[in-house]
Structures are given as structure tokens and as C-alpha cells.
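Chain residues, written in single-letter form:
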Amino acid sequence: MLNIILNKTKGDRWIWLIVILLSLWSLLAVYSSTGTLAYKRGVGTETILMKHLMFIVGGIGLMYFSHLLDYRYYAGISKILMIITIPLLLYTLVFGSSINEASRWVTIPIINQTFQTSDMAKLALITFLARTLTRKQENIKDVKKAFLPIMGSVCAVFILIALANLSTALMLFGVSILLLIIGRISIKQISIVCLAGLILLTGVVFLGPRRKTYVSRIEAFMHPEKADPDKSFQANQSKIAIATGGVFGKGPGNSTQRNFLPHPYSDFVFAVIVEEYGLIGALVLVSLYLVFLWRCILIVTRSPKAFGALLAAGLSFSLTIQAFANMAVAVGLGPVTGVPLPLVSMGGTSILFTSIAFGIILSVSRDIDEKENSSEKKVIIGEIPAMD
Amino acid sequence: MNIRTDILLRVYIAFGLIVCFAFAVIFKLCTVQFSQGKKWRAMADSLSTRYVNVEAVRGNIYSNDGSLLATSVPEYELRMDLLAGGIEKDDIFYEKVDSLAQKMSSYFGDKSARKYAQMFREARKDKERYFLVKRKVSHQQLTDIRRFPIFNLGRYKGGLISVQMNKRILPFRSLAARTIGYKNENVQPVGLEGAYSKYIDGESGKQLMQRIAGGVWQPIHRDVEIAPKDGADIISTIDINMQDIAQNALKKQLVKSKADHGCVILMEVETGEIRAIANYTLTKDSSYVEKFNYAIAGNQDPGSTFKVASYMALLEDKKVDTSTLVPTGYYQIPGHTIKDSHGSIGVVSVKRAFEESSNAAVAKLVNEAYKENQSKFTDHLYEWGLNEKLGLQIPGEASPVIKNPENRSWNKNMTLPQMAYGYEMQLTPLKMLSFYNAIANDGKYVAPIFVKEIRRLNNTIEQFKARVINDKICSDVTLKKMQEMLEGVVSEGTGRGIIYNPLYKVAGKTGTAQVADGNKGYRAKKQYQASFCGYFPADNPKYSLIVVINDPKNGYYGAQVAGPPFREIADKVFARDLSIPEPVQADKFAGNTIMPRSKAGHKQATERVYKALGVKALFANNASTNAIDTNNGVYVKDINYTEGTMPDVSGMGLKDALFALGNAGLRPIVKGSGKVVSQSLLPGVRVRKGYPVVLELN
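Chains A and B, in that order, are what the protein sequence lines are. Each step along the first sequence adds one to the number in our numbering, with nothing skipped, and position 80 is 80. Each step along the second sequence adds one to the number in our numbering, with nothing skipped, and position 130 is 130.
Careful: at least some of the hints might be erroneous.
Below, a list of computed lysine-lysine pairs in the BS3-like style, where the Cα atoms sit at most 30 Å apart [stated by the list, open to error]: (1) A:Lys250 with B:Lys572; (2) B:Lys157 with A:Lys212; (3) B:Lys412 with B:Lys351; (4) B:Lys206 with B:Lys167; (5) B:Lys103 with B:Lys134; (6) A:Lys212 with B:Lys125; (7) B:Lys96 with B:Lys127; (8) A:Lys212 with B:Lys89; (9) A:Lys212 with B:Lys127.
FRET-style restraints, in silico, Cβ to Cβ [claimed, not checked]: (10) A:Thr9 with B:Asp90: 42 to 50 Å; (11) A:Pro209 with B:Leu132: 41 to 49 Å; (12) A:Asn3 with B:Glu88: 49 to 57 Å; (13) B:Ala24 with A:Gly253: 27 to 35 Å; (14) A:Thr9 with B:Val163: 52 to 60 Å; (15) B:Arg50 with A:Asn3: 51 to 59 Å; (16) A:Pro252 with B:Tyr94: 39 to 47 Å; (17) A:Ala38 with B:Arg688: 24 to 32 Å.
If you're looking for bench data, these hints aren't it; they were derived computationally from the structure. Glycine included, each C-beta is placed from N, C-alpha and C at the ideal position.
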């Protein structure tokens, strides 16, 4: 059985291992921390756990199928995704369900499942950038041909997400810039993109619908002593969780701060993990993401094609930056924002799209492995006559 | 540098930056854990979950006859989460908020629909998650409100939060309210509620609550961690019907005499159980309310009712006999002349002097008998425990004051004769009554009780019997004489005109005391306390009763003021108590041509009564009958009732009439009391269900 699974799954084994470990850990952490949510919804914790488990299993399924698909198809898919994403983001902004005045969700009509469009936009933009950068690699300095679609897509996605979810938009913007740097876009052009982003950002912060939220959150972060105790509540609760966790933690399922932390199963799942598994747990978790990133960079190094390399780099950086951003919020390194911890936090769309991202990376890795294997074979075939 | 290495270099640098980021996270984490750890851990303690008491259901208080005197009913505080799941979206909320406001307004009628709508809208704007909508909502109201728009979205979606509070109610309202008492926060507890709170309260449970964003505490688990233990039930000795009689009679007299306050205590002779206890005080708005328990805390000079003790001492020491002659009218002591308020009745027997309540006579007799050995008189009083508290089950009993010659305030010329007729002492009405009760109880002196049993889940956990203070307060001979003298008061003396009832014998004594007004003493504005204390039926005493009325405005003599309520209560209690009168001889009615009347009503019930009385009556085969007495016997007419028509209820008592109308599905409106003399619809008229029918009773 295990052999069948191992034979069927291809791509980097380390990454697969990390996926499995993170998923298991996610089940434990989510099960432990959804008591309050279960109480509010009037259902059992097990109901929520089962739903989460189904998403994880579904995610791994998606990962499996997307890793089987030749990654070159993603270039085409990215274009279609991009075309779908922009109107969808617009739709979300106008008709989406709002939580705390932020329109982030749309409900898919038939299956009645809420859907966070920014998760899809993230995937779309990164694959699209990888594709565009690859295509323009030869005439990279040609402003008109190469630059306009890049800048246009980055800015459009940024502003559309930013109006509802600034932190996600900023992170995506950062990853895009990183991808542009890796993709050898000139400093001048990157500066132009950055400038455009900055202008949009200013607009959103001072004129956007959620301006008050930003001001209060940033003020609370800059001047903790001045902050309204209720506003800094989340940040403080998170720090209490981390401080009481100690080096070895309170043990799985023993968190008490889960009852105080808002969204202990998603935004503040890291705090709960530190509380339950201690500093040791945090180090292991950080290492898992770092090892994942390192394995991805090896893929980038080994990738014979620029598209594969840029795709792997863009997606892996996006995932790890998101992971560390989530942790940074939990430890108080950044202002409170709702960024899920990839593959660990509860949340349907986040898990599914993260899984697809992993799948794409694995697809690149699988392709490299197969190419290397076949080239090795060729070498062997070629060498045998030479020995005669 | 080729493209490939260029890209790779950039990737490595980015990786390096991410590693730095990871280290920063870990570093910050360590800072929080180690250098700031103390601060956060301390905060954890203060913010952490807390246990909140879950109120136990308080026990009930029952009357002797099983009626519910005090009970707890749930009452709710309505709160609303304006951001609940179902109304998060503006369109849903604003679409329905006006109809909710409309419903609330028409249901409660306390605010206009506009006011309600404005209130909800503002709360919504402020994003209130625990908004107080209304206090003191009953369970029924809550059930109705749950069907209103928005709230009908469901428990969590609609945002309706009901916080249960237990409210104490007295189903009989003011009946025995003071004795039942209350126990509120920050107020000295009163009455049975206060005295037995240890049992009634039960033990509160505990529930772990957590603080959630917005400063709201919510339970962590659905079930409570420590379930509350419900309180025990108290079975009091109060009989709700007797209490009603006593309270009404007292109030009637207080209103009539415009008195300042008054009290009534009815006690069962043998058991010492208090059947009724009523206290009324005149308030500024000229109404009478129960606000002070004079019966147990109103310490005053008892006046003439105390003469019982004086004569008892004299008889016990054989200083006098009932036939000893004694002058009345006035008695001179150094510095003071004791006068009889009705003037002299000449030289009469001790019995007559007692019956006519001569102060001069008793003062003279006691003074002359105990002049040389004054403490002998007070020793008797002490021996009877008159100087001691009764040790009641409810708090607030006043300490009696009976002087003795060693006291500094003892005046060796004046105190003894004045004590003889009930001055220079402090006794509560209940104390006085208990003493009379002992006489009625063949000398057995018991402390009255208010509670006879404590039950939990209908299992007795404690039972109370009256404490015997003194098994025999005096010899049987003295007792007999005292009883005769007390009967004489009613049959011959001061109680004659008002208390005397030929149907049964009452024994008792009037009392008229001039009340000392605080520091001003007896010389200030003249205030009187009229009282009557006694027991009935005198032949075989069942109840002892005292009526005390303070500062009456039209006339102040005991018989005149306290007599009528005494008579009324005694009569009614006597009439109601089936164990007192001799059983009716059934053969008295047999063959009697004039049949006892019966109200129209249920056949079987009527039949049973007639049968018990030995009356042969002919009944037809119908469930309801209309019995009309004639000179020749009972004429019984069937009431024919067909579904959907108005039944004939004329001649029925209210109970049967309501039953008949209820079965017919009609809505009765009742006027008056007694038998039904007219009904607004003729019998047999077709009528739809729920139609109102006016019944006049007389």
C-alpha cells in the first residue's frame, strides 16, 4: 500500500513529508482551538474538525492531481485564471459578504460554500507573473512589451484586494516585487511599480472603506501603551499564550488562551501552537517552512527552464512569507492582520489554494526528476558503446 | 554573468532574507517568553477565565394547608447581539428592524414603535453585542418574543440573548408577606426567607466563563461544571385561609378606628403553631401596609392583659381566692392614686374585679400581698419565663423587660402595684399570647413556631416541634380558676357586649394601655393600645388569639377596639374548622320534611353530600342537576345540555358554573359572589366557542 502511494506520488519527497506533517499538526491545533467557535455556532467541536479534515484531504487530493499535471500547462491556465480573477475580485468587492466591513468572501451558489477570492487571485497573479517574466526574458528591457502587462496585473490585483484586505494585498505585492527582482526586471521599472503601489496604498489607507481599522491597528502597534485595551486585546492575548507556553509547552489540547484569542484556529493558530508545544514546537514549525523553502530553492536551481524556476520561486516565497507573516503577527512583530498560516490554519479556500500551489511546485519538481532520470539514461546508453 | 546565475543569485539572497525573517520571529518569540514573560504571565492570571456562580433555584415556602406562599419564577433580561450571524448583512437587518420594533411596541406597549426602531438602529450603529433590550421579561413573554422578526432566525443567528434571573414571588401577595419575609442583597433579611435562607437558598453551582472580545463573558462549556443544588422547601405553620381572615379583620378595624398600627396572631393551642400573623402600619398616604412585625418586635406595656399573671401569682400563693372581696375605684399608693377608668363598682369579688378589669383592685391585692417580699412576685414572673425571649424561628424578636427589686429603676412604692396591671414592663404581643396559650393548654407553656418542616424533593429533612418552656406553669386548681375568670370576662365582664357568641365559648381578657411616647413618657400626647387576648373554644381550647391595635382614634377601650376583629376572626376560624364542632348527627335530617338547600351543580357531588347527611334524593341520569328545595323534599331537575349551546348555570356555585361554561368553550365574565342569579345568554341558545357570557352572582 505504502509502496503504491510512494510510486504514484512523484516530486520532492521532503516537500511531501512536510505537507503531511503540517496537515497532521493542523488537525491537532484546529481540534484544540475550535471550542469557542463550536460554542458560538452551536455545534460540536468534532463537526468542525470533520469539516477541516475534509478540506485537508481534499487539499491533498488537489495537490496530487495538480502535481501530476505538466507544469507547462499552468502557463496557459494562469492566463485564464487572471482573466477570471479580476472580474471576480470586483464582484466580491461589490456583492461579497462583509465581515468587519471587509468584503472578502463570495458564496458559490450551488454548493453554498464561501470562497475567499484573494486566495485564488494570489495563485493566479504569481503564475501569471512567472509566465510573463519567462516570455519576456529575452527582451526584458523592452518597456512596452514586457512591462505593461506586468505592472498592469500587479497593480490591478493589488488595488482590488487592498480595498477589502490590505495585509494580503501588501504581501502579494511584496511577493510580486520579489518575483520581479528575481525575474531581472530593471530597478527603474521596479521603482515605477513600487511608486504606483505606494500611491494606491495611500489612497486605500486614507480614503478606503476601512480606514479607521487601519489607523487604530497601526496606532496600537506603534504605541502599545496608548492603545485602547480592547483594541490591543488580540495582540496581548497572543503574547500571553506565547509566554505561558514556555520552552516545552502545556501539551497538546491544553491551551487556555484559545478561549480568549479571537480566531485561535486561523489568524492566531501559531500562538496556540507555541502555547501547547512551546518554544520547541515553534522551532520545529519554523524549520519545516524553512526546509520547505530550501527544497523549493533546490528545485529552482535544478530547473532547466526559467518558467519552472520562476514558478517554484514565486509560489514558495509567497507561501513562506505568508507563514512568517502569520507568526510575526502572533509574536507581536507586526500589527494584527488576518493572514492564515499555510496548511495549518483552518479555512477552506486557503487550504485548497495553498494545496494547489504546493501541487504546482511538486509538478515542477516531478518534471525535473523525470528529465534528469531520462537524461541520465541517455548518458548511460551513450556511454556504453564508448566503453567498447 | 549569464541569466541563470543571475536569477539564482537573486533567489539565494531572497532565501537569506527569509531566513533572517524567521530568526526575527524566533527572536521576538524568545523575548516575549523570557524577558517579558513575567508581565504576560501575570496578565494571564488577571484576564484568565473565571468561575461565575450559577444561581440555585430557591426552595418554596408552603403554608400549613399546602398552598404556595413563596416561590421563584424565572425572569429574563433580554439582550441582543446586533452583529449576530443572521443579521450581519445590512439589508437583512434594516429590512426587518422596523417590523421588530413594531412588534415589540405593540407587545409591551411601553415605548412607541419609533422609539424601539431608533433604539435598535443606534445599537446597530454602535455595533453593540450585548445590548440591553428589556429587563423583567417573563418566560411566556420570552417565548412570544422568540417568534418576532429577526429573533425568529434562531438562537445564534437572531442575536437574542436571554439572561435568566430568578424572581421571588408571593402568590398570595400581601398575605403573611411580612412573616414570609424577603432576602435581598444589601438588605437585612426578614421573616422565614431570612431565617431559613440556609435551607431555601440551596448551593449555587459554578460555571467557567471566559472573556471574549468586547469585554463579554461567555460560558466555555455548555454544561455547568458544578451543578447548583436547589434549595429545600419550607413548610410553614401559616394557614393561608386563616391568615386571610386575620389580615382582613385587622385591616378593617384599623381603617375604621384610624389606628396607627396593629397586629394579630393566631396560634394553635396544643402545638404552638402560628396559623396567622398579621401586622399593619399606617403609611403617609393613609394606607395600611405590612412593614414592621409588631407581633414579635413591638415591645410595649401590655396593660390589663397582664393582670392574668398577677392573679395567677396571687392564686398560686393562695393570697386570694376568686371570691375574696376587694374594693374598686381607686387605690392610693405613696405619690400616686391608681384609678379605674370606668369608676368604682364597689366592693366586689376578685373574679368580678378581674372581669371588669379593675386596676385599683389588682394593684391593691398585689401590693398588699407582696409588699414585704417584693421579689416573690417577680420570681413568679421569672419562673414563667416572661423575662426571656421565646427563641423564635424568625429573626427580630424583641427582648422582654420584666423588672425585679434589684434593678435600679425599681421603685419600692410604685413599681409593684403598677406592674400588677401591666405597666413598667415590656412584652411583645406574641409573648403575651404564649402565656395565655399556656393557660389554654392546661399549663403547658410552649414557644410558638412558624416552620414545622423542611423538605427537599418531598423528603422530610428536618421537623420542628414547639419547644416546651414549662410543662406546668401552675397548679391545676389555679389554672381552673384562671380559666373560669377568663371565660367570665367574655360572658359577664368587659368582653361581653362584643366578644360573646352563644354558639361557642371564648375566654380572654381586654387590655387598654396608655402608651409611653418615647422620652416624653406617659404624660405626652395620650396614646392608647387596645388589645384583646384569649382563646377559643373555651371548653376545649383549639386556638389562642391576640389582637393589638395601637393609637386608635375613636375610642380606645380594648373590648371596643380590639374586640370586633377578635370576634370576627374567632367566628370565622371556628366556623371553618371542622375538627372543632361536634359532628352533625345524620339522623337529625332523616325524615325531615324541609330539605337542606343545595346549589345546582354536579350530580355525583351533590348526591354524596346528601347521602352523607342521610337525605334520600331522587336523581335522574344526568351529570348536572339543578336541585331546588321545596317544602316536601329535594326536587331535582336535570340540566340538559347539548354541544354548541349555552348551558343553564342558574343556581350553581361559581366553581360549577365555570366548569360548565369552560366545557362549553365559552368565556365567562363574573360579577359578584354567591350563586348564579342571571346569565347573559338564555340556556339552550346556540353560541360559538369563545363567546363572552356575563354571569351575575348573588
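Here is how each hint holds up against the structure:
Proposed proximity of Lys250 of chain A and Lys572 of chain B is contradicted: the alpha carbons are some 75 Å apart, above 30 Å. Taking the CA atoms of Lys157 of chain B and Lys212 of chain A, the gap is near 27 Å; set against the 30 Å cutoff, the hint holds. Proximity of Lys412 of chain B to Lys351 of chain B is assessed by CA-CA distance (about 27 Å); at most 30 Å being required, the pair is judged to hold. For the hint pairing Lys206 of chain B with Lys167 of chain B, the CA-to-CA distance comes to about 20 Å; that is within 30 Å, so the pair holds.
Taken as a hint, the Lys103 of chain B and Lys134 of chain B pair is honoured in the structure, with Cα atoms around 14 Å apart against an allowance of 30 Å. Only pairs whose Cα atoms come within 30 Å are accepted, and Lys212 of chain A paired with Lys125 of chain B is accepted, the gap being roughly 15 Å. This hinted pair checks out: Lys96 of chain B and Lys127 of chain B have alpha carbons roughly 17 Å apart, not beyond 30 Å. Between Lys212 of chain A and Lys89 of chain B the alpha-carbon distance is near 20 Å, which keeps this suggested pair within the 30 Å criterion.
The hinted pair formed by Lys212 of chain A and Lys127 of chain B meets the criterion: a straight-line CA distance of about 14 Å does not exceed 30 Å. Hint check: Thr9 of chain A to Asp90 of chain B, Cβ distance near 48 Å, so the stated range 42 to 50 Å holds. For Pro209 of chain A paired with Leu132 of chain B, a C-beta distance near 30 Å fails the hint of 41 to 49 Å. With their beta carbons about 50 Å apart, Asn3 of chain A and Glu88 of chain B fall inside the hinted range of 49 to 57 Å.
Between Ala24 of chain B and Gly253 of chain A the Cβ separation comes to about 29 Å, which falls inside the hinted range of 27 to 35 Å. For the pair Thr9 of chain A and Val163 of chain B, the supplied restraint of 52 to 60 Å holds, since their beta-carbon distance comes to about 55 Å. Here the CB-CB span from Arg50 of chain B to Asn3 of chain A is close to 55 Å, well matched to the stated 51 to 59 Å. The beta-carbon spacing between Pro252 of chain A and Tyr94 of chain B, approximately 45 Å, falls within the hinted interval of 39 to 47 Å.
For the pair Ala38 of chain A and Arg688 of chain B, the beta carbons lie near 52 Å from each other, so the given range of 24 to 32 Å is not met.
The earlier numbered hints that this structure contradicts are 1, 11 and 17.
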